[in-house]
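Asker: Knowing the structure of chain A, use the given hints to seat chain B on it.
There are 2 protein chains.
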Amino acid sequence: MESVSFPPLSRVAVCGGTHGNEMTGVYMVRHLQKEKIDKIGSVSVSTVLTNPRAVEICRRYVETDLNRCFTEALLNSPVTDSSPYELRRAQELNAQIGPKGSKEAMDLIIDIHNTTSNMGLCFIFYSIDWFTLHILKYLQSKMASVEVRAIQLDIPIAEAYSLESVGKHGFAIEAGPQPNGVVRADIHNMVKEAVDHIFSWLQEFNSGNTFEGGEVEAYTLEKSIDYPRNPVTGEITAAIHSQLQDNDFKLLQRGNPIFMSFSGETVKYDGEDLYPFFVNECAYYEKKIAFHLARKIKLTLPPIKVTG
Amino acid sequence: MESVSFPPLSRVAVCGGTHGNEMTGVYMVRHLQKEKIDKIGSVSVSTVLTNPRAVEICRRYVETDLNRCFTEALLNSPVTDSSPYELRRAQELNAQIGPKGSKEAMDLIIDIHNTTSNMGLCFIFYSIDWFTLHILKYLQSKMASVEVRAIQLDIPIAEAYSLESVGKHGFAIEAGPQPNGVVRADIHNMVKEAVDHIFSWLQEFNSGNTFEGGEVEAYTLEKSIDYPRNPVTGEITAAIHSQLQDNDFKLLQRGNPIFMSFSGETVKYDGEDLYPFFVNECAYYEKKIAFHLARKIKLTLPPIKVTG
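Those sequence lines, one after another, are chains A and B.
Under my numbering, think of the first position of the first sequence as 1, with each following residue one higher.
Under my numbering, think of the first position of the second sequence as 1, with each following residue one higher.
Be careful, since some hints might not be right.
Each pair may be met inside one copy or between any two copies, as identical chains are not told apart.
[Said to hold, decoys possible] 25 angstroms max Cα-Cα, derived DMTMM-like pairs, lysine to aspartate or glutamate:
#  : residue 1 : residue 2
1  : Lys288    : Asp186
2  : Lys192    : Asp246
3  : Lys268    : Glu193
4  : Lys36     : Glu193
5  : Lys36     : Glu235
6  : Lys250    : Asp186
7  : Lys34     : Glu265
8  : Lys192    : Asp226
9  : Lys223    : Asp129
10 : Lys34     : Asp226
11 : Lys39     : Glu265
12 : Lys268    : Glu35
13 : Lys287    : Glu56
14 : Lys36     : Glu265
15 : Lys34     : Glu235
16 : Lys192    : Glu265
17 : Lys192    : Glu235
18 : Lys34     : Glu286
19 : Lys142    : Glu265
For the record, the hints were derived by calculation from the structure and aren't laboratory data.
Please read these numbers as outputs of a predicted model, since none were measured by experiment.
For reference, chain A alone in the conformation it holds in the complex:
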């Protein structure tokens, strides 16, 4: 495959607190700000606590999920003082580290999230982005003790709803399992190691190193499964089955248990073989998602190097 070249990635934003109760990003950004880190080698670094009001009250959001507000339509919608806080904040952030789709936008946005699901370290990204996939491949080679995975959301960039879509390139880092409102040292160390490697990659890239091509695996969202619910009250009537709980990215096959009802019955899976993820994510109860199902794909990367 022929190599591709891009301009250097000179301006990078490291973001946390997009969901105010996902603590790894909150403490990482606060620490970088306290240490006044604004440059790492050739890269100028912006650190952003993206939803400070939600962080203050330690909840996912104040009025609406900030990380669903970055579509072009919402970023360009008129706002008033009575608009939801997060919609106004999204437009502020777009001005600060975007604007989305413009040449002023950050070269790379990394947004740090946590999940209650056992997803380890996982990138989430839109469409095909060679940077994201090369960084993923680099992390996979550097982080021996952690399986680093990636989920690709096949959404056109205009409709991409999350913060990192505001940058020229960007991805979210999901790290778990970690309860909301709690910071775990193991998860913190894992994400810190990943961020350190990402900046090493950026130094190597900017200084002219060619990264060889190759193959990486990714997961693509196929569909979402809701909990069994009481049709009248909407209350859930079953929990994720113990055999599915904590088994994100383990192939789910027809007949495998997926739910255990509170009266003790097992519900079995009845679809094609797919990979579950976001299994029992706290915030997805209200979104009516017990888990997502993905297909595994292989992506072939071209060699990549800096322009010139």
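Answerer: Just chain B now, kept in the frame of chain A:
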């Protein structure tokens, strides 16, 4: 030791949702109510969702921690419509399953809680209560796969602040680790098994079985340790160290790591040998508790049987 005898335990309350985001009790009580369970053998059963407004919004509490409102002083304080919701609710509950210290009070109150700490299945009780300790001993003999522990809080009953203190006898069940807002099948099954065994014990006791005396271990709270904090902002500057995280009830000794600061320094323990518990409990960040420390004690139980 001479045996002690008590009247039968005929009226038992099973409570959940005292903290509205601790889901095991919420779903267990809802399920018992849906199944219209109001009698198990010789025992009349009341099921109570104790903080329904907090359950509705899936938060620990609405205005103040309900499970700190059951002191005699607070239960007897005048309330108005502008009093905190939980204080008014505590007085309602006291009328419903108490009144505290009266002969009308429930014979036994079991309140089901969850923690983000790795505490397994743990009773919390006040002073010395032979029922609680006999039930504990029974569960320890019946539940092979789980270590069932107990924490004794040495607080006079008038000052006891939690729901179960309203009954003639009572204890809280803490079950974890489980994130707030999430229900895990493993934790649910563990608590359900415990509750089933408790009702078996009650049937045996009420029908005249003598339970032999013996020894049980319990933990008594010695002191609480807060996170290192920024003296100006109050923000925490360190996480529980990986070597302490998830190691509730493992002896902590001088020199063991307890915190890892966000700049990477390890803080070591510098006190006498004690047992940590509630390590990294989500709700205790605001209470300025990173973990509690306990002494282990042995309690000698008399044989127990029903009166007459």
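Asker: Indicate, hint by hint, whether the structure satisfies it.
Answerer: Each hint, compared with the structure:
Within a single copy, Lys288 and Asp186 get their C-alpha atoms only as close as 29 angstroms, which misses the 25 angstroms cut-off; across copies the closest is 21 angstroms, which meets it. In this assembly of identical chains, the alpha carbons of Lys192 and Asp246 lie at most 25 angstroms apart whether taken from the same copy (23 angstroms) or from different copies (21 angstroms). Only between protomers do Lys268 and Glu193 lie at most 25 angstroms apart by alpha-carbon distance; the minimum there is 23 angstroms, versus 38 angstroms within a single protomer. Proximity of Lys36 and Glu193 under a CA criterion of 25 angstroms is satisfied intra-copy only: 19 angstroms inside one chain copy versus 52 angstroms between copies.
In this assembly of identical chains, the alpha carbons of Lys36 and Glu235 lie at most 25 angstroms apart only when taken from different copies (17 angstroms versus 47 angstroms within one copy). For the identical chains of this complex, Lys250 and Asp186 are neighbours both inside a copy (22 angstroms) and across copies (19 angstroms), given an alpha-carbon limit of 25 angstroms. For the identical chains of this complex, Lys34 and Glu265 are inter-copy neighbours only, at 16 angstroms across copies versus 52 angstroms inside a copy, given an alpha-carbon limit of 25 angstroms. For a Cα distance limit of 25 angstroms, the shortest separation of Lys192 from Asp226 across copies, 24 angstroms, qualifies, whereas the shortest one inside one copy, 33 angstroms, does not.
Taking the shortest alpha-carbon separations for Lys223 and Asp129, only the intra-copy value of 22 angstroms comes in at or below 25 angstroms, while the best inter-copy value is 52 angstroms. Taking identical chains as interchangeable, the C-alpha atoms of Lys34 and Asp226 lie at most 25 angstroms apart only when they sit on different chains, with a minimum of 21 angstroms there against 42 angstroms within one chain. For the homomeric pair Lys39 and Glu265, the shortest alpha-carbon distance between copies (23 angstroms) is at most 25 angstroms, but the shortest distance inside one copy (56 angstroms) is not. Taking the closest pair of Cα atoms, Lys268 and Glu35 come within 25 angstroms of each other only across two copies (23 angstroms); inside a single copy the shortest separation is 51 angstroms, beyond that limit.
Taking the shortest Cα distances, Lys287 and Glu56 sit within 25 angstroms of each other both inside one copy (23 angstroms) and across copies (15 angstroms). For a Cα distance limit of 25 angstroms, the shortest separation of Lys36 from Glu265 across copies, 18 angstroms, qualifies, whereas the shortest one inside one copy, 55 angstroms, does not. Proximity of Lys34 and Glu235 under a CA criterion of 25 angstroms is satisfied inter-copy only: 12 angstroms between copies versus 44 angstroms inside one chain copy. In the homo-oligomer, the alpha carbons of Lys192 and Glu265 lie at most 25 angstroms apart only across protomers (14 angstroms), although the nearest pairing inside one protomer, at 42 angstroms, exceeds that limit.
Only between protomers do Lys192 and Glu235 lie at most 25 angstroms apart by alpha-carbon distance; the minimum there is 19 angstroms, versus 38 angstroms within a single protomer. With identical chains, the CA atoms of Lys34 and Glu286 are at most 25 angstroms apart between copies only, with a shortest distance of 22 angstroms across copies and 35 angstroms within one. Within a single copy, Lys142 and Glu265 get their C-alpha atoms only as close as 44 angstroms, which misses the 25 angstroms cut-off; across copies the closest is 23 angstroms, which meets it.
Going through the hint list in order, the structure satisfies each hint without exception.
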